[in-house]
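Following full-length UniProt numbering from start to finish, the sequence shown increments by one per residue and tops out at 180.
These are computed hints drawn from the structure, not numbers from a lab.
If you're wondering where the values come from, they're calculated on a predicted model, not measured in any experiment.
Please note: incorrect hints may appear among the correct ones.
[As the list claims (entries may be wrong)] Calculated cross-link-like contacts (lysine-lysine; reagent style DSSO-like; alpha-carbon spacing at most 27 Å):
| no. | residue 1 | residue 2 |
| --- | --- | --- |
| 1 | K33 | K72 |
| 2 | K33 | K98 |
| 3 | K98 | K177 |
| 4 | K61 | K45 |
| 5 | K177 | K61 |
| 6 | K137 | K163 |
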Amino acid sequence: MMQRRLLLSAAAAAPVVLSGCASQNLDGYASEKPALDLAQYFNGKIDAYGIFQDRSGQIVKRFTVVIDCSWKGNEGVLDEAFTYSDGTAQRRIWRLTKHADGRYTGTANDVVGRANGQTRGNAFRWNYTLALAVDGKVYHVDLDDWMVLIDDRVMLNRATMSKFGVRLGEITLSFTKRAP
Numbered sequence: 001m002m003q004r005r006l007l008l009s010a011a012a013a014a015p016v017v018l019s020g021c022a023s024q025n026l027d028g029y030a031s032e033k034p035a036l037d038l039a040q041y042f043n044g045k046i047d048a049y050g051i052f053q054d055r056s057g058q059i060v061k062r063f064t065v066v067i068d069c070s071w072k073g074n075e076g077v078l079d080e081a082f083t084y085s086d087g088t089a090q091r092r093i094w095r096l097t098k099h100a101d102g103r104y105t106g107t108a109n110d111v112v113g114r115a116n117g118q119t120r121g122n123a124f125r126w127n128y129t130l131a132l133a134v135d136g137k138v139y140h141v142d143l144d145d146w147m148v149l150i151d152d153r154v155m156l157n158r159a160t161m162s163k164f165g166v167r168l169g170e171i172t173l174s175f176t177k178r179a180p
């Protein structure tokens, strides 16, 4: 019910015009080390721990994810198994393609269209629309997803979820790559 209230209140606020909002620039990470290669990092098994916070900052969901990752040439598969704090489970299988200049595209069962992203230095910015099921209805929400590599095993992820340009909340994740 809280998720539905969150989405409905954001939809009601959609006519509000937002201006003067600055966004991060991916180029600002170009010289940061270690350099992030998604195909290298997302290879093997990864554990992730995350939260979803609503617009007020209230944590409304906690979750863990086990990701089985593999690559064949420039094609990658990230098989994500989510377990939420309320006992529910979800699975998302990303199919990624690595392109020139650190660009990536991807699809998944609950992603509308194609996700587009690019790496610079130790950062990756990923944009996509997610078909989010809430209380028996499906809402299309936009994600502006940033990942920053800390070292060869740890990466942090922060994504902003919005609809009609109105911020609904944020997702924060910590990835830890398992030792081979």
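ask   = Among the hints numbered above, which are violated by the structure, and what are their numbers in rising order?
value = none
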